[in-house]
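Novice: As they're listed, the protein sequences go chains V and G. For the first sequence, position 60 matches number 60 in the UniProt record's numbering, and the numbering has no gaps at all. For the second sequence, position 220 matches number 220 in the UniProt record's numbering, and the numbering has no gaps at all.
One or more of the hints may lead you astray.
[What the hints assert, rightly or not] Below, a list of computed lysine-lysine pairs in the DSS-like style, where the Cα atoms sit at most 25 angstroms apart:
id : chain 1 : residue 1 : chain 2 : residue 2
1  : V       : Lys3      : G       : Lys255
2  : V       : Lys307    : V       : Lys258
3  : V       : Lys307    : V       : Lys190
4  : V       : Lys249    : G       : Lys42
5  : G       : Lys281    : G       : Lys255
6  : V       : Lys258    : G       : Lys42
7  : V       : Lys190    : V       : Lys175
[To be verified] Computed footprint of chain V on chain G, listed as stretches where at least three residues anywhere in the stretch have a Cβ under 8 angstroms from a Cβ of chain V:
id : stretch
8  : 55–67
9  : 77–84
10 : 88–101
11 : 113–125
12 : 220–232
13 : 242–252
14 : 331–344
Since the hints were made in silico from the structure, they are not lab data. Quantities reported herein were computed from a predicted structural model and do not represent experimental measurements. Yeah, the Cβ is synthetic: ideal placement off N, Cα and C, and Gly gets one too.
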Amino acid sequence: MSKEPVAVVGIGQTRHVAARRDVSIAGLVREAAQRALQDAELTWADIDAVVIGKAPDFFEGVMMPELYLADALGAVGKPMLRVHTAGSVGGSTALVAANLVAARAHGTVLTLAFEKQSESNAMWGLSLPIPFQQPLLAGAGGFFAPHVRAYMRRTGAPDTVGSLVAYKDRRNALKNPYAHLHEHDITLEKVQASPMLWDPIRYSETCPSSDGACAMVLTDRAGAARSPRPPAWMLGGAMRSEPTLFAGKDCVSPQAGKDCAADVYRQAGIADPRREIDAVEMYVPFSWYEPMWLENLGFADEGEGWKLTESGVTELDGDLPVNMSGGVLSTNPIGASGMIRFAEAALQVRGQAGEHQVDRARRVLGHAYGGGSQFFSMWLVGAEPPAS
Amino acid sequence: MTREIAVVAFAQSDTLRTTEEQSEVEMLMPVLHDVLEQTGLKTADIGFTCSGSSDYLAGRAFSFTLALDGVGAWPPISESHVEMDGAWALYEAWTKLLTGDADTALVYSYGKSSPGPLRDVLTRQLDPYYVAPLWPDSVALAALQAQALIDAGDTDESALAAVAARCRTDASVNSRAQLRGSVPQGDYLVRPLRTGDCPPIGDGAAAVILAAGERARELCARPAWIRGIDHRIDAHALGVRDLTDSPSTRLAAEKAGAFERPVDTAELHAPFTSQEVVLRKALELDDTVRVNPSGGPLAANPIMAAGLVRIGEAAARIHRGESDRALAHATSGPCLQQNLVAVLEGES
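Bound conformation, chain G alone (with noise of 0.2 angstroms):
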């Protein structure tokens, strides 16, 4: 029998073109009081803390250390760290729940995407022997992703412009999000793509809890049960993969359990509006599916922890009513390299 494992709790910073003014802790700070007074929780009742970030946003060497500053891990803590989106944080606090080790976890991430020039900086996540020399940006990879999908007649461009608008009229009711109501496609930034199709660059931070069992039930009225969580890593060089579909994203959703029963809604870490066609296809989503309710990554995109928003944002419509078994989904590298996929439910 396996531990029953939820999202007890959610919160996220506003996500702001810039946060000049505010280092990455002060980023954080609200964030991580605003998730432990959700459940009354102080940071010596969590059993387990794990986080993600990057140090090529931040800038610097170890800026995580920085932030553990914000939690104040002291007495000291049992904390991990990865160099990925916060939904795999989450992920390795999800195991470790299942250990028994631990019965809550506190897991965060935040990222600041505004002090470089991001689709610069983004290239550095490339082969660094065969692609990133080339400086191939996010945008242009995702553009030959989208021109891939039109040729092969999964899409078109007013399809898409019709994504980036209902995510982006979805976006209207939510007061975290950066892009909100009627925003125009623009003109193209990277042929096929227009500046519609492509997420806002913004900065933000996002904290959720997890709690096992009856301790679940004890912090939250109507825990988000994750029924299943899994994720799967595709191959890194673009010209060996078929950008029209995403195996990693399909393989790990069925780990998850996904396909076993419908959804009714997705929170899809799709950044680019092409991305939402690709997830679509691989997560056999129809349209009785509510589809980023939030307004999705095209509203904001805060880098490092637009997954673990994901997650939290589907975590939240099921405390509040509003779901019964939502999907959740994360994404990293270029053209949906990895993915991941988690299953909520709610008890009625």
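In isolation and in its complexed conformation, chain V is listed as follows (with noise of 0.2 angstroms):
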């Protein structure tokens, strides 16, 4: 028995800012499902299941939330799933949401993922306390500073690089009215001015704390036919995990994130995936991660990703543009962060990235990663249905 093939035919989400006071965590999530509804031309009562996904409940203090959101997610008298894989959750919960509809379990899913981070403070957050881990680190950006540093040193790529990533996003971000941040007197010398947070990391190459949710409606070939808007097809699809820390690691390249795009590629039957996919929506949080996934996604070979930054390659009319609506550099409501990706990758396909929009996107990767550079999902949507 063959799979079902999985549609997107509804994409919403909030005006992503830092701090929501003017709407509950109910009032959040339920902004995005209405958007998302209101795409697909679908009312509640059209929706069979809701997957909802979120990073760790410590961020707004709710513990499994999903609980309390059923009712503002319309999932009363429906099955209700929460995933939560880290920071690569909104990519997992798309993809446990299209999997439901592969299986045939149901016809039409509502995917969501939302965090509130004005509730608290992420960055203490993700700060474990003593004995989990020493007083050396503070937040995310203190765990991946060395990663960073590791990269340089084997690639021996110039010090800007970083710089210019945070400049394309930012300024992408300006063609994106959901995007957190719009710096419209953004330049190149005022990110390399900005402070230094975490050595080579500077204030300007990091991710914002957001309040934002994001979702999908993800339907099976029947739903596909019945949609008033040009539908995103799944292509392929995967998730990989490896531990956070062991002997022989390789936290610049994962050997998880290879693994899980060569799965997604031989799923889609790309050989080429520089060649024959158009654009790529990544979870970049610190500006260096674009040139180390574009290497660890196939895109570069090894030590040449920054090469491709460096020749604006990557720019949104570049060859193969990357994190066209802005990126999580400037939008990241954790948990929310993988599915807008995504997302975005879903409306490319779609042609229905507005002023953010990639010229003959036909096939385009979304990717979110999460944990110590450990749990990846990826997926690739099209706009054509998959051939089998």
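Can you join these two chains into the complex? Each is in its own frame, and there are hints to help.
Specialist: Written out as structure tokens, the structure is:
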């Protein structure tokens, strides 16, 4: 029995900001969900199941908040699943929802991810107390800065590459009305002059803390046929995990990321991702992760990723646009960040990305990672349904 | 034609009042080794891994990442995690096997309730604006439900005491259980519930292996085939629910095909005696059905694992030839808000 093809027919997100004091958590998620339903021209009654994801419950101080959100998401009387796979969760949540359709367990599924980071302090929420961790690591930047330094040493990339990524992503965000940061007066010089937080990561090369939610309506072939707008078709999707730390772990280019991408490409029949994929929306919380993931995902040979960035290939009008939405560097409601990547990929192949639309985007990769560079989730979506 | 999927192995830890000397990984690892040994599989042979746990119980963010170290996720594995009881991790794994992407799945879950004041911790599960600030605890909410049942004439205190006694007597043959044999009903904890009506607080872990089709027959002499599995959620606000009923349980059971033919066994995730009354009614279980032969959650209630244990216990009875058709139930949230029902069968 072959799998049911999965289509994205509705996408909705909130305008991401530092603090949404005007809405409750329920109000926040409902806003994104209603926009996704409107996009699909469906009602709550058309939804068979709800799959929700978010990062640690400590970020809002609510244990398993999906229980309280059941009413707001129209899930009463329906199946509701709650996914949590660290920073990759937004992507994993979409994949779990897609699986329900692929398995023919349900016809139409609402999937949603959110974070309301203004409810707490995410940096300290991520800084584990003794005895779990030495008091050396302040937030995620403290954890990832050594990996960035290792990448720079390995590849000999010039110090400026990180600032080029940040400058590009923040300019892309100006074209995206949903992005959190809209720095109209940004210049490369300002990025390079911003304070050093975790050497070599500067303030302007770091993701913000955002409140936001993202939702998608996923459906089967019959549902896609009824869609008022062109659907995005899932051509491949995979998750891979490896332990946080172990002897021989490659923190710069983790094996789990390579394996995950290879699985997605195999499903989609992609032999040469650089030639066959039109754009990439990847999880770049700190600027240097763009060149690092370009290599990890097979878009550049080892040690060569930074050259794509430096030569402008990853610009919005480049040969392989990366993070057209402005990326995690411009918007980061942590639990939702992975799903925003997946949703941007779908928007692009549907031709609905507005000012940040890439011409002729037929196949776009959405990517998320989390934990200590150990959890990966990815999907490749296309404008045409899968061949089989 | 839907793919046939079965539970082929089940393992669990002892449920203990406290496991101070053990980390969660140390609690989990023997269970993972046990369940893999039963099938002869190694981590690398498993097609998909899915777990369930709660950061709030662990008291730290991303607590499940440490558990992954215990699995030995190298080379990298295809893996997912739900912030739910392991029964829902099993549901996710079941859908993964249905797609044909994997032939085997490892499902595990664990919870340590002992480090914090559990009744306080569980209040953080409630509506954060209108209910949680009042700190109504899990026992108090269950007591509301019990009182509603008594007021409706569905049960009385002596009937509840009989449920407690039956479960702990049955648990006397379950070496993993925490409360076994004769346990006094005790004083009121929150009226009308006495200590005997409430589950023990304990730490524990459980694991299950699922396999599809012929693979299941290779791995297990008598696989417990999942004939149906479904889960549903009710409204969160207690004020809009009839606490004497569980429409989500009934609907899940219907979707899982539980009412098509009678079951001989039911493992119910009813942490409070009064909740067994609600579930028996929703699931239409009469006295011919053997309910919670393991002793159920009144004998051992490792939060986040107790639902998966129900599926495991039901499956193990089928493996041993003690049941031909069993129902397993898992719950989450205050007063049975969210419910999962699985129907398992053995072949003759």
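Novice: The structure should be examined with respect to each hint, and the outcome stated for every one.
Specialist: Here is what the structure says about each hint:
no., hint, in the structure
1, V/Lys3 / G/Lys255, "holds, 21 angstroms"
2, V/Lys307 / V/Lys258, "holds, 20 angstroms"
3, V/Lys307 / V/Lys190, "holds, 22 angstroms"
4, V/Lys249 / G/Lys42, "holds, 21 angstroms"
5, G/Lys281 / G/Lys255, "holds, 17 angstroms"
6, V/Lys258 / G/Lys42, "holds, 22 angstroms"
7, V/Lys190 / V/Lys175, "holds, 20 angstroms"
8, 55–67, "holds (count 8)"
9, 77–84, "holds (count 8)"
10, 88–101, "holds (count 9)"
11, 113–125, "holds (count 4)"
12, 220–232, "holds (count 3)"
13, 242–252, "holds (count 3)"
14, 331–344, "holds (count 5)"
Comparing the model with each numbered hint stated earlier shows that all of them hold.
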